[in-house]
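J.: In order, the protein sequence lines correspond to chains A and B. Okay, so the first sequence: first residue is 0 according to numbering that gives the first Met the number 0, each after it adds one. Okay, so the second sequence: first residue is 0 according to numbering that gives the first Met the number 0, each after it adds one.
Where hints are given, some of them may not hold.
[Unchecked claim] Here are a few chain A residues that face chain B, going by a calculated C-beta distance under 8 Å:
(1) K105
(2) S381
(3) M382
(4) E383
(5) L384
(6) D386
Please keep in mind that the hints were generated in silico from the structure rather than gathered at the bench. Predicted model only: the values in this text are computed from it and were never measured. Every residue gets a Cβ at the ideal spot worked out from N, C-alpha and C, and that includes glycine.
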Amino acid sequence: MSEDIGLARRQLLTGSIALSGLSLAGCTTGLARSGPGRTPSGPMLAPMRVSPNELVDVKCCIRPFRAQGCRLDAEQLGDTLVIHNYGHGGSGWSLSWGSAEIAVGKAMSVLPRDIAVVGCGIVGLTAAVVAQRAGLNVTIYAREMFSRTRSVRAFGAWTPSSRIALTEPAGPAFAALWEQMARISWRYFRACLGLPGQPVEFIDSYSLSDTPPRNREHAPATSSFAATGVPQSEGEFAEYDSLVRDIVPSSTNLAAGENPFGTAYARRRSQMHFNFTGYGHMLLSEFFAMGGKFQNRDFHSPADIAALPEKVVINCPGYAARDLWRDQTIIPVRGQTGWLIPQPEAHYGLGYGGVSLLSKSDGVMVMHTDSTLGDMEGVGNSMELPDRSNIEAGLAIVAPLFARMAGGRA
Amino acid sequence: MSRLVALVCLPPALALAVAAPGQRPAASTATGVYSEAQAAQGAMLYKDACAACHGETLAGTYEIPALTGRFLRNWSNGSVGTLFDYIGRAMPQMAPGSLTPEDNARIVAYLLKANGMPAGAQPLPADQGALDRIAFAPR
Ligand SMILES: Cc1cc2nc3c(=O)[nH]c(=O)nc-3n(C[C@H](O)[C@H](O)[C@H](O)COP(=O)(O)OP(=O)(O)OC[C@H]3O[C@@H](n4cnc5c(N)ncnc54)[C@H](O)[C@@H]3O)c2cc1C
Numbered sequence: 000m001s002e003d004i005g006l007a008r009r010q011l012l013t014g015s016i017a018l019s020g021l022s023l024a025g026c027t028t029g030l031a032r033s034g035p036g037r038t039p040s041g042p043m044l045a046p047m048r049v050s051p052n053e054l055v056d057v058k059c060c061i062r063p064f065r066a067q068g069c070r071l072d073a074e075q076l077g078d079t080l081v082i083h084n085y086g087h088g089g090s091g092w093s094l095s096w097g098s099a100e101i102a103v104g105k106a107m108s109v110l111p112r113d114i115a116v117v118g119c120g121i122v123g124l125t126a127a128v129v130a131q132r133a134g135l136n137v138t139i140y141a142r143e144m145f146s147r148t149r150s151v152r153a154f155g156a157w158t159p160s161s162r163i164a165l166t167e168p169a170g171p172a173f174a175a176l177w178e179q180m181a182r183i184s185w186r187y188f189r190a191c192l193g194l195p196g197q198p199v200e201f202i203d204s205y206s207l208s209d210t211p212p213r214n215r216e217h218a219p220a221t222s223s224f225a226a227t228g229v230p231q232s233e234g235e236f237a238e239y240d241s242l243v244r245d246i247v248p249s250s251t252n253l254a255a256g257e258n259p260f261g262t263a264y265a266r267r268r269s270q271m272h273f274n275f276t277g278y279g280h281m282l283l284s285e286f287f288a289m290g291g292k293f294q295n296r297d298f299h300s301p302a303d304i305a306a307l308p309e310k311v312v313i314n315c316p317g318y319a320a321r322d323l324w325r326d327q328t329i330i331p332v333r334g335q336t337g338w339l340i341p342q343p344e345a346h347y348g349l350g351y352g353g354v355s356l357l358s359k360s361d362g363v364m365v366m367h368t369d370s371t372l373g374d375m376e377g378v379g380n381s382m383e384l385p386d387r388s389n390i391e392a393g394l395a396i397v398a399p400l401f402a403r404m405a406g407g408r409a
Numbered sequence: 000m001s002r003l004v005a006l007v008c009l010p011p012a013l014a015l016a017v018a019a020p021g022q023r024p025a026a027s028t029a030t031g032v033y034s035e036a037q038a039a040q041g042a043m044l045y046k047d048a049c050a051a052c053h054g055e056t057l058a059g060t061y062e063i064p065a066l067t068g069r070f071l072r073n074w075s076n077g078s079v080g081t082l083f084d085y086i087g088r089a090m091p092q093m094a095p096g097s098l099t100p101e102d103n104a105r106i107v108a109y110l111l112k113a114n115g116m117p118a119g120a121q122p123l124p125a126d127q128g129a130l131d132r133i134a135f136a137p138r
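Same shape as in the complex, but just chain A (with noise of 0.2 Å):
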């Protein structure tokens, strides 16, 4: 599925859509007894400002998209161990501890001291703790520390199973590998929460639509990932949400006098999602509490990680494997995120019409999407400059649900 929170396709195609009897008359006359913005029952809202005026970054990112699942085997690399702990596509964030608990079992079963990560995104940075929580001295080798990684790009809720691989080619296991680590990192980041600087939080989030969620078709396949090597549709990406469904909380119905928004449709649940800055300093300062140190380095080949003086090595470039490992493998799946300045007081996200909004504590996150594509859009694409007019045209297509909300309290 795609990471937009709100009206994550899939969460308007799955789960028990009990809509039918919320008819559009129902919502209208709902609407003229409690106006948008406030509702009887629910939460009252703050409307999001999204003018772009007041739009700050906008920023593109490569997801490491492979249709086998991320790699997380090891390899011999003469006296080095290389643990590989890459290719975690649009679900690096949401898998990152469990991934992190893979790769360093691996690790320690031939009883390092000490080991080296190469990475310092989500993924490396993550590992590293792990390992110190297992009693390793680390050192980590990266080229950018974790604040100018492209983790930081990222959109930042638990997404796990966002274009992490094919349903094909990984086959049974990797569901099985994912469904461990997914349950894995849930138990890590709910042991974040209510941490100094929200590094995790949970919001409500809205998804809203003028017309009845249904099931989205999928256009009729005339090729393949296995007679292409690219993905062909979107039919052909691997969904696990349902494996974990006993755990993380599932969207509800709104009737229309809980609604918000003023739209005709609306779902809300509870969402997680990780404040970028929070999180980051929260692992950094464990790390070098820790004693953990970090080399600035930029490797060309796997040979220079096989002269490290760190004989096992957790191996976390990210999408540049592709280059650093020569590892083709990994294709691009190219995305962008906007952000609007921070706005504590409107603390929700929402989708609407291919856009996803998500306040958090470093700013409201933009992002949007032609959900004509879905999980293909970006497919192939490495072009990695972002698109600002992209992310205008979404707050285009917000702003009247905001102004009808600020119209509703007046």
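Given the coordinates of chain A, work out where chain B with the ligand should sit on it, guided by the hints.
T.: Relative to chain A, chain B with the ligand alone:
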């Protein structure tokens, strides 16, 4: 020691990426390994294919690496061939592998010049093997 062991065990394509220990590169970028004309052509190519991301002045952005300053440190321990090889298969980022070896050599010549390494009489060869024998050694 560990480097040697690693090299012995690596497939040849990977081992190529660093000059084998003991095998001294024949030349170094401190001695003038590209021509002015070649670097000028490289500057034009850079404008078209690279400047949109790495900037007209090679300064990069917060997200995209600069091709001066830290760049020198990043590439200094190897050969010019390592840089040529990387650019040839990884850049320009949206169309990796699209540069001809000749254009790639022109761009590398421009990068050497922009980073203060001297020009010489002969152009930089567009041959991986030959470039692997030229040490990347600023000043
Ligand atoms: C638009 C967008 C939205 C997303 N939204 C979400 C989301 O909501 N939830 C979610 O879970 N995931 C999301 N993702 C996916 C997530 O961002 C990635 O899976 C994750 O960032 C990958 O992290 P990483 O640590 O593997 O790689 P990176 O963050 O790229 O880190 C790689 C590290 O390796 C270093 N490195 C690389 N090459 C070298 C080298 N040659 N020498 C030395 N160091 C090197 C880098 O400097 C860096 O430190 C999103 C991605 C995108 C693009």
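J.: Now look at each hint and say whether the structure bears it out.
T.: Evaluation of the provided hints:
| no. | hint | result |
| --- | --- | --- |
| 1 | K105 | violated, 19 Å |
| 2 | S381 | holds, 5 Å |
| 3 | M382 | holds, 4 Å |
| 4 | E383 | holds, 6 Å |
| 5 | L384 | holds, 6 Å |
| 6 | D386 | violated, 12 Å |
In summary, the structure is inconsistent with hints 1 and 6 from the numbered list given earlier, while agreeing with the others.
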